[in-house]
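Let the hints inform the model, and build the full structure from the sequences given.
Chain residues, written in single-letter form:
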Amino acid sequence: MYLKRTNPTLYYLQRLGFYLLVVVIALYLLVPFLWAVLTSFRRAGDLFLQPLQFMAAPSTWGNYADVFANPNFRLGLLYSLITAVGAVFIALLFGSFAAYALGRFKFKFKSAVLYIVLAVSVFPQIAVLGGLYTLINTLQLYNNPAGLILSYLIFTIPFTVWVLTSFVRDIPGELEEAALVDGASPLQTLFRVLFPVMMPALVTTGLLAFINAWNEYLFALTFTSTKRTVPVVIANYSGATQFDQPWGQIMAASIVVTVPLIILVLVFQRNIVSGLTAGAVKG
Amino acid sequence: MTTITPTAKPGKQRGIEASRARTAVWLLIPTLIAIVLVAGYPLYRTIFFSLFEANLTSPDQRSYIGLGNFWFTTDEGVALGFLQDPKWWGAVQNTLLFTIVSVFLETVFGMIIALVVNSAFPGRAFLRTAMLVPWAIPTVVSAQMWAYMYNDSFGLVGRGALGGVALLANPTTSIWAMIAVDVWKTTSFMALLILAGLQSLPSDMYEAADMDGASKWTQFWRMTLPLLRPALLVALVFRSLDALRVFDIMSVMVGNVSAARLSMTAYARQALIDNQLLGLGSAVSIAIFIIIMVIVVIYVTAFRVKFD
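Protein sequences appear in the order of chains A and B. Heads up: the first sequence is residues 10 to 292, going by my numbering. Heads up: the second sequence is residues 15 to 322, going by my numbering.
Be aware that one or more of the hints could be misleading.
[What the hints assert, rightly or not] Sample of chain B residues lacking proximity to chain A, with all beta carbon distances greater than 10 Å (derived):
id: 1; residue: 106
id: 2; residue: 140
id: 3; residue: 180
[Unchecked claim] Partner residues aside, some chain B positions facing chain A, computed with beta carbon under 8 Å:
id: 4; residue: 56
id: 5; residue: 63
id: 6; residue: 101
id: 7; residue: 141
id: 8; residue: 145
id: 9; residue: 153
id: 10; residue: 286
id: 11; residue: 292
These aren't lab readings, by the way, just hints derived from the structure by calculation. Because the structure is a prediction, the values reported are computed rather than measured. Note that CB positions come from ideal geometry on N, CA and C, so glycine has one too.
As structure tokens, then:
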């Protein structure tokens, strides 16, 4: 403010530098994604063009048509949806029970339970891969979405328990006491009184857990052979011949998988920041 | 009026406490069962199998070899333990390089982006929204996007900026190319957490510092950074642990065989799944588990991170 009057040149130079930085950051964050979007609308033959000619080349929906004509991709979307929704549903149900207990009740070993949950969330997945593989085989869940749902609980449950516990703690106790005085059982209190209040938290936590499950790759690659989820399909997307990488189609498939997530994230922007900070900054 | 005698009250109180504790246990049971089933038991099995020579397809036909998976030399002088495999140590080195460089860059860039978004200017809402885009993109997708950009005959970077250099073909350049992908993908996450921390700082403190004539630079080093320390440290711990587990980026960009030279997880998975060596793969997994736990303990004690 003072600088504007005392040294206008320096002030405007500083402003210019600041806006340059803003432009650089925006380009850095967005260009790779926008370039993928552009590629998804270009024909395979146009990929060789110089960038400016490539941008001006005619658009086509051909890659999207090819991607949706690919049965592996369509099934991948279906299996991804089944596993992610299944894992999130179980995690929210179990997680809210646990969060209610941890946030509202006093009992022995409470902090031990909290630390176990936290320890599991920093677990390297590889440490259980061999054990889980033999377990899933024993239960005959190999190449079955149920096997993936089971394995995804290793990261969805600790996450939901931890985040929901911090939300439950912030709910005023009077609500629950009133329900208890009226003779409601703990489960009735949870479902009738706390769930409605926790709705925003459940949506946020569920969304973040969904994103994690939707993105999971290691377990999906290892525990399935044909019933693959969409990240595995995209990672192994191949064209007509072994040596032909159909980049246009890969980018189209990538955009199809990503755009719904981006829309969800933009719609729930504020909740996501609070969910992330509850989950990460508090632990 | 009150008919409750002083002696009856504590007894009744204890009854309520005990019944609430019982309820709490019931509420925790589903979660505890799930954790034992998907984390506890598989971890126990991994530790168990690390002491055996066993094949993934027939885990029941196994023979006990103690720590042979870790260190074992046959009479002919063939080294079989993974700790004797230079490829393993290469993977450890590359993973550590990946973790240290990418987490450092993410913290610096995340801090710059957070500070920019935290100041008032037209277009701030747009930048704040743009910040979420890389974070929302699945890792596999961002790996494919960048593999395309690094391509030496099509890519914006590989052909355009570097004039036809195949970055991913060479292990020494590919690790840096992958660091760039990870930095692009997760800087947003750092920036979001730092921004949340920045917004909780009291603004009147900065007004007072302005009055006293402290420069923005001094304010940043003397006020912002120390106050952000707790939030920054927890974000650092979580990012480091994520980076140490890196697998997706490398597996997608260079395939599982080359990835085994770059990532500890990929090395373990190759032994365990591709080569079907349940015993050896389990031993490697346990080594990774120990490395990560040691780093957690170092972080928590050195920086006194509090999780509550």
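Can you give the numbers of the hints that this structure goes against, from lowest to highest? 2 and 6
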